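Construct the complete structure from the given sequences, taking the supplied hints into account.
Same order as they appear, the protein sequences are chains L and Y. Each residue of the first sequence is one higher than the one before, starting from 7 at the first, in my numbering. Each residue of the second sequence is one higher than the one before, starting from 2 at the first, in my numbering.
These are calculated hints, taken from the structure and not from any lab test. Misleading hints may appear alongside valid ones.
[As the list claims (entries may be wrong)] Quick list of simulated restraints, FRET-style, between CB atoms:
hint, chain 1, residue 1, chain 2, residue 2, range
1, Y, GLN149, L, SER75, 55 to 61 Å
2, Y, PRO79, L, PRO140, 35 to 41 Å
3, Y, ALA132, L, ASP221, 55 to 61 Å
4, L, PRO163, Y, ALA132, 57 to 63 Å
What you are looking at is a predicted structure, and each value in this text was computed from that prediction instead of being measured. Where is the CB? At the ideal position from N, CA and C, for every residue including glycine.
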Amino acid sequence: MFNDLVSQFWPSTIDGLALGSIYALIALGYTMVYGVLRLINFAHSEVFMIGTFGALLTLNILGVTGPVSGLTFVGVLFLIAAGAMIASGGTAVLLELVAYRRLRKKGASRLAFLISAIGASLFLQELFALVVIPEGFDRPQAGRIQVPVPALMEKEPLFSIGDAVVRNDKLLVFVGAIVMMIVLDLIVNRTRIGRGIRATAQNPESAVLMGVNIDRVVLMTFLIGGAMAGIAAALYVVEFENTQFFVGFLLGIKAFTAAVMGGIGNLRGALVGGLALGLIEAYGTSMLGSEWQHVIAFSILVLVLMFRPTGILGESLQQARA
Amino acid sequence: MRRNIFRLGGALALGTALSLGLAACGGGSGDGSSGGGEAAGTVKVGFLGALTGENAGIAIPPHNGAKLAFDEYNKTNPKTKIEYVPYDSQGLPEQATPLATKAVREDKIVAMVGPAFSGESKNVGPILEEAKVPSVSASATAVDLAQQGWKYWHRVVANDGAQGPAAAEFLTRAMKAKKIFIVDDSQEYSAGLADAVDATLKGKATVNRDKVDQQGSDYASTVNKIKAFNPDAVFFGGYYAQAGRLLKQLRQADVQAPFMSGDGSLDAGLIEGAGEANATDTYIACPCVLGSASDDPEVKDFAQRYKAAFNADAQIYATEGYDAATAIIDAIKAGNTDAEKINEFLKTYSKKGVSKDIKFAPNGELSTSSIFVYAVKGKDYTLLGDSKTASVQ
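Written out as structure tokens, the structure is:
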């Protein structure tokens with residue numbers, strides 16, 4: 007058992023970091039919306055799902071059917087990321103406008119938001135399974151079946167750490183996620199809209215008195231969180247080369263777990279939680295077998311929350327100082 | 002949990018759609034006779050299986066095969082016509098149960114082709130047994146289905162107990178594999194098949210095992226284990242969607258060992274999912290006779306009729322679906338129009354079907370069973386032959 011862990015330590019680390027990066031990017035959407043609105047946006051998993059289809063649609067429009075290299079690859083990667091961000095960000099904004107805004111104005115209870123979120127999630131899943139995938143992606147009768155995405159890069163080993171080879175795609179996912187995290191951190195801490203987000207998170211009433219346009223801030227929160235899910239979606243299709251109408255379900259739950267583990271409402275906590283969850287799963291499965299993946303992830307979550315109820319980093323967006 | 006909710010929603014919607022559709026059919030084809038199965042000269046035969054859903058690729062061909070048989074029969078203008086009623090279970094036991102109840106209570110079917118999958122068969126079996134309605138499955142292969150003491154249950158394929166050992170024997174004999182890694186996705190069918198292969202390999206090869214998550218997309222930890230084990234061959238127990246995902250990630254991690262799987266993976270979806278370049282050196286054991294990959298003239302003729310009717314290749318279990326329906330048709334042709342009599346007729350049935358000789362043992366199994374091995378070639382499968390004699394080119 008421990009032999010397995012030792013012999014597969016480095017391969018597991020690499021896989022854990024790559025998957026954890028995707029968890030972290032999705033976790034940002036949960037954590038930002040929670041930080042500002044104290045609302046768990048359960049439809050965020052569909053924001054991610056629609057991002058993967060945005061990326062696929064971009065690939066179809068570009069006519070890319072096989073691996074590309076060099077500058078073309080950078081260009082295509084940039085474009086599918088943009089496509090996915092538009093799809094995801096747009097979906098997140100629509101969710102706020104259609105599913106949440108009126109509830110907020112009427113001062114509805116938390117449960118109303120929750121049901122609205124679950125309803126929106128089901129609606130979007132079925133919309134894709136029944137209409138969008140069969141019609142829009144030319145797969146009649148196959149809306150619920152996995153959709154293959156053309157390979158975008160030749161997956162080749164770059165270098166080795168210990169006995170593990172680091173492949174270019176895994177490195178891309180990891181680096182891509184870290185870069186986006188830094189960009190987001192800068193946006194929230196350095197820009198005007200970032201200050202608005204933090205102010206609203208700390209105290210909505212005071213923020214309004216100080217001249218912050220709450221509706222605009224909330225909309226931007228959804229947009230940024232959605233865009234991050236879009237980046238995750240683009241990296242996901244490059245790495246796994248497939249998608250499906252419920253692709254967001256399991257990843258969404260894991261990302262939500264990561265957000266809670268890192269400290270929900272805390273942006274850096276999402277990164278820490280995502281990477282920690284990815285690593286825990288990778289190490290745990292190499293020791294106990296892949297069928298234990300979810301058991302391990304959630305046992306660790308319970309343990310963390312027992313000793314640190316606010317998550318690993320704890321401090322939330324509300325308390326973050328300007 | 003959320004998935005279950007939407008599935009329930011789907012079932013309700015589907016049920017409504019189905020009953021509406023049925024009502025429409027009854028009004029149209031009843032020739033003025035008040036709707037329902039009582040109309041003289043028409044009996045209803047059902048089909049139960051995943052007509053939509055992730056693994057529908059395995060249930061649609063037998064459904065089409067059965068439909069072809071019933072359509073051809075109805076065209077001969079027989080004394081007793083057959084109304085064919087498909088029920089879409091999405092392969093989920095919890096959806097199959099209410100559908101089966103509806104089929105026997107409301108629609109009063111006299112026989113059923115299916116259930117398509119093993120999991121749903123286990124839940125539906127007792128319902129059909131209680132209602133005394135015979136079923137002939139074209140694709141459910143779990144071993145223990147024949148051990149339930151069911152008197153109305155039959156199938157026209159060999160079970161996993163035959164499939165597993167045949168696959169294991171092929172791995173050691175034809176591929177000369179000494180180190181074999183077995184993966185399954187923890188479903189009833191998948192684990193059963195993997196266990197059967199594992200048990201047969203005892204003492205003949207070094208075996209290591211792991212499981213993957215049916216809904217997961219990242220199989221990296223399993224891939225790492227396989228890479229570290231460095232096997233001569235990898236066997237996967239499960240369905241094509243997961244098989245394709247695993248195969249792709251294996252090849253991307255530069256594991257080039259031959260890949261073998263069972264009937265659940267025999268679908269073009271495996272090649273599509275893994276990518277054509279990654280699906281080389283891939284073999285599938287199956288108790289089925291694949292219409293599109295056979296040279297037998299009778300099978301070829303069937304494959305052509307099938308293609309003309311559905312504009313699709315006769316995929317997995319299409320021939321078996323046709324044979325299952327033919328057995329029921331022959332019973333009705335012989336003047337047996339109620340469920341009990343059809344079941345009696347099936348006990349003594351013996352005829353050469355398109356796929357193989359159809360003759361049932363008392364427990365509902367075929368009395369003789371053979372397993373065939375297919376290899377991936379380009380975008381398609383080719384038949385290598387009977388597993389006992391086939392060889393890798």
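Hint check against the structure, violated hint numbers in rising order:
Failing hints: none at all.
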